[in-house]
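Participant: Following the hints, position chain B against chain A.
Quick note, the sequences are listed as chains A and B, same order. In case it helps, numbering that gives the first Met the number 0 puts the first sequence at residues 0 to 231. In case it helps, numbering that gives the first Met the number 0 puts the second sequence at residues 0 to 231.
A few of these clues could be false.
Any copy will do: because identical chains look the same in the list, a pair fits if it lies in one copy or spans two.
[Stated by the list, open to error] DSS-like cross-link-like pairs, simulated, lysine-lysine; straight-line CA separation at most 30 Å:
# : residue 1 : residue 2
1 : Lys104    : Lys11
2 : Lys20     : Lys88
3 : Lys131    : Lys121
4 : Lys190    : Lys88
5 : Lys169    : Lys220
6 : Lys12     : Lys88
7 : Lys121    : Lys108
Honestly, the hints are just simulated from the structure, not real lab data. The structure presented is a predicted model; accordingly, all values stated were derived computationally and were not measured.
2 protein chains.
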Amino acid sequence: MASAPRWLSELKKALSVPENKGQTVYQLATADPNGRPHVRTCVHRDIVQPEGYPNLPVFILTTDVRSPKISQLRANPQAEVAWWMAGSKDQFRIYGSVRIVASPKADFKAGAPPPPSLALDKMDEQGYDWEKKRVESFNSVNAQLKASWCRPVPGSTIGSYDEASKWPQKLPKDGEAQSEEEEQQVEQALKNCAIVLIETLEVDWVQLGVTPNQRTRFTRKEEEWVEEIVVA
Amino acid sequence: MASAPRWLSELKKALSVPENKGQTVYQLATADPNGRPHVRTCVHRDIVQPEGYPNLPVFILTTDVRSPKISQLRANPQAEVAWWMAGSKDQFRIYGSVRIVASPKADFKAGAPPPPSLALDKMDEQGYDWEKKRVESFNSVNAQLKASWCRPVPGSTIGSYDEASKWPQKLPKDGEAQSEEEEQQVEQALKNCAIVLIETLEVDWVQLGVTPNQRTRFTRKEEEWVEEIVVA
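So here's chain A without its partners, still in its complex pose (with noise of 0.2 Å):
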């Protein structure tokens, strides 16, 4: 039986030390069709794989189906993450092939034909419920957060700071409604979370936090990752 990669269980340690509390960011770099780099920060949410195999992990995160990221993932369906560990000075870099899972009533169509997959195509095989993935995952985030899917395209020009204190500020789960104009809200915002899948291709570790640094490059190759050191 196949096992985890040993990035993801250093992963896994570095994020646990004491030092590391609350680093649950990172960066997402995508690149535009027309070559142009875009990065910003965003929330890790969880690491999955399929069954049985522990050797193939898809980072999820979540985003507005409507943001610029989704229409560049669509032409550009890869994605590079840098996840700085402030406090252990260790630096994950992954890259992988992206996929986008949006609601069935999201006006959304999947763009550049999907990239060469291995986990996800497997997890479709094994019937993973995305749908209820993405449901999941819109229920786990925070109200705020909920509530920032219900507002005009993020992005789109306003005329004052102020507008923005018309719209709801939080939003309960799905299903937790208090009122009918907030089960609407919600309905909204449900329908504009995607999630955003990053089957992990490549991952550069670098720990400037040991002397004399150490730097490591891990690539799937088929279904095994190969390790090599390198030079920091």
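Facilitator: Chain B alone, transformed into the frame defined by chain A:
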């Protein structure tokens, strides 16, 4: 007389609050000629501008001229930085065109034609001494980082972590070597030290520390910065 863009004073203000102390690193995203995004953590070094043009700020960071980010930037001279200040929950995303200043002794060719520039061209006209700035930048980084520039090519494969212990761990400033061997090492490191100049063209500032969240987009049109309030 032109003035500095508001985003820059807000960035400096955010950096100066106690809860953001030490937030001097950010993530730099590039895209390679195949459209693959790359992102890594870098240390912010400086901001410069042409004399009399505080409206045209240029970010500076240091790197190894042999690193993959340099070949990516040669082929595609644009970059975006995500500067997340966890203390105050401010994010500044800074996009711009890139120029690389390498040592005259380095094996470096400029690559793609330089993108349209305003700040850098003005600084050239004003006789700004980029080589002097490069050497100053070299001298300003810590002794460990200086030493990293006289090692084998970053990212190249080595047999074991132990190999790194054979390389110098610290190097002094240019002109302060204590032996002939160290002098050669400093010379080598200085040759491999390059500075990356990012001429700022767009800035996206999100304030997650205020309720409701605020977001402002700044776009440079010719020499003017246009400011828009946008949906966070």
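Participant: It remains to establish, for every hint, whether it holds in the given structure.
Facilitator: To see whether the hints hold, each was checked on the structure:
no.: 1; hint: Lys104 with Lys11; verdict: neither (35 Å within a copy, 43 Å between copies)
no.: 2; hint: Lys20 with Lys88; verdict: both (13 Å within a copy, 16 Å between copies)
no.: 3; hint: Lys131 with Lys121; verdict: within (17 Å within a copy, 56 Å between copies)
no.: 4; hint: Lys190 with Lys88; verdict: between (38 Å within a copy, 27 Å between copies)
no.: 5; hint: Lys169 with Lys220; verdict: neither (44 Å within a copy, 37 Å between copies)
no.: 6; hint: Lys12 with Lys88; verdict: both (13 Å within a copy, 26 Å between copies)
no.: 7; hint: Lys121 with Lys108; verdict: within (22 Å within a copy, 45 Å between copies)
The structure does not agree with the numbered hints 1 and 5 stated previously, though it agrees with the rest.
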